[in-house]
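Colleague: Sequence:
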Amino acid sequence: MPDDIKLPAVSAATVSLGQNAPLKMRARGLTVRYSEKVAIKDVSIDVHAGGVLALIGPSGCGKSTFLRSLNRMNDTVPGVSVDGHVELDGEPIYGPHVDPVLVRRRVGMVFQRSNPFPKSIFENVAYGLRIAGIDEKRILVERVERALRQAALWDEAKDRLHESGLGLSGGQQQRMCIARALAVEPEVLLMDEPASALDPIATAKIEDLVSELRDDLTIVIVTHNMQQAARVSQRTGFFYMGRLVEVGETTTIFTRPKERETEDYITGRFG
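Take the sequence shown: its position 89, counting from 1, is numbered 113 in the working numbering, and each next residue is one higher.
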């Protein structure tokens, strides 16, 4: 293994939790096509409750497509088709009688680049709540404060809640968008390279936040940064050319991968 991959110390209790934790979501035989192009093929994976699953792999290998399949964001892409099964708490999330809006309230998403609205910080965070029909001021104030605290932004933003969210720094904007996702109290949080556009200090804050949030949420994070995957996740899956090559405990994937493709990627032979 390359010397610059620094793995965190993982206790036996953490490993046991990853192996025995109940399933929150699972995919079986998941295939996604954009028109005729197959983006991911026959992906089967378990997402355990109360932990962080990191997805690694080279650009264009299907990581983000898979992530968006977990809350039906691919439904918004013209020409997309989805085959296979995805379950949340044992219930299918695809089907004619399943409301994707309700799925997305339970399975929130944070995108690669922050997408603040031209509104105040308060209204940025409260946006999803208002869409859900929550207008009572007391509830909005409580939920916005809780979400900002969860996103480690309250101390920096509490005296400027009615200023534009566009006035925040890049790292603060990303944490504000995380707070927006948290305000609707999702059970699962999907994060698509949330720190790729941030400086090292802001990146460290996002990683600390992920480590704190996993006590209350199930998190799936896509990252190109293998050191980041090692720092924040308990389980890691490696995607290559639309396939899930292998998935397992993070320390095992980085030190004793079963598949040659995984080892070649981790050691820098490609990717």
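Fair warning: there could be bad hints in the mix.
Quick list of in silico lysine-lysine cross-link-like pairs, DSS-like style, CA-CA up to 27 Å [to be verified]: (1) Lys65 x Lys229; (2) Lys143 x Lys65; (3) Lys229 x Lys182; (4) Lys282 x Lys229; (5) Lys161 x Lys182; (6) Lys143 x Lys161.
Listed next, with one range per pair, are the computed distances between beta-carbon atoms [unchecked claim]: (7) Glu60 x Ile163: 31 to 41 Å; (8) Ser59 x Arg162: 24 to 34 Å; (9) Pro102 x Lys182: 33 to 43 Å; (10) Ser59 x Asp240: 19 to 29 Å; (11) Val122 x Thr279: 33 to 43 Å; (12) Gly74 x Arg280: 23 to 33 Å.
Hints were generated in silico from the structure; no laboratory data involved.
Positions of the beta carbon are idealized from the N, C-alpha and C atoms, including for glycine.
Colleague: Check each numbered hint against the structure and report the violated ones by number, ascending.
Modeller: Hints 1, 2, 4, 7, 8, 10 are the ones this structure does not satisfy, whereas the remaining hints hold.
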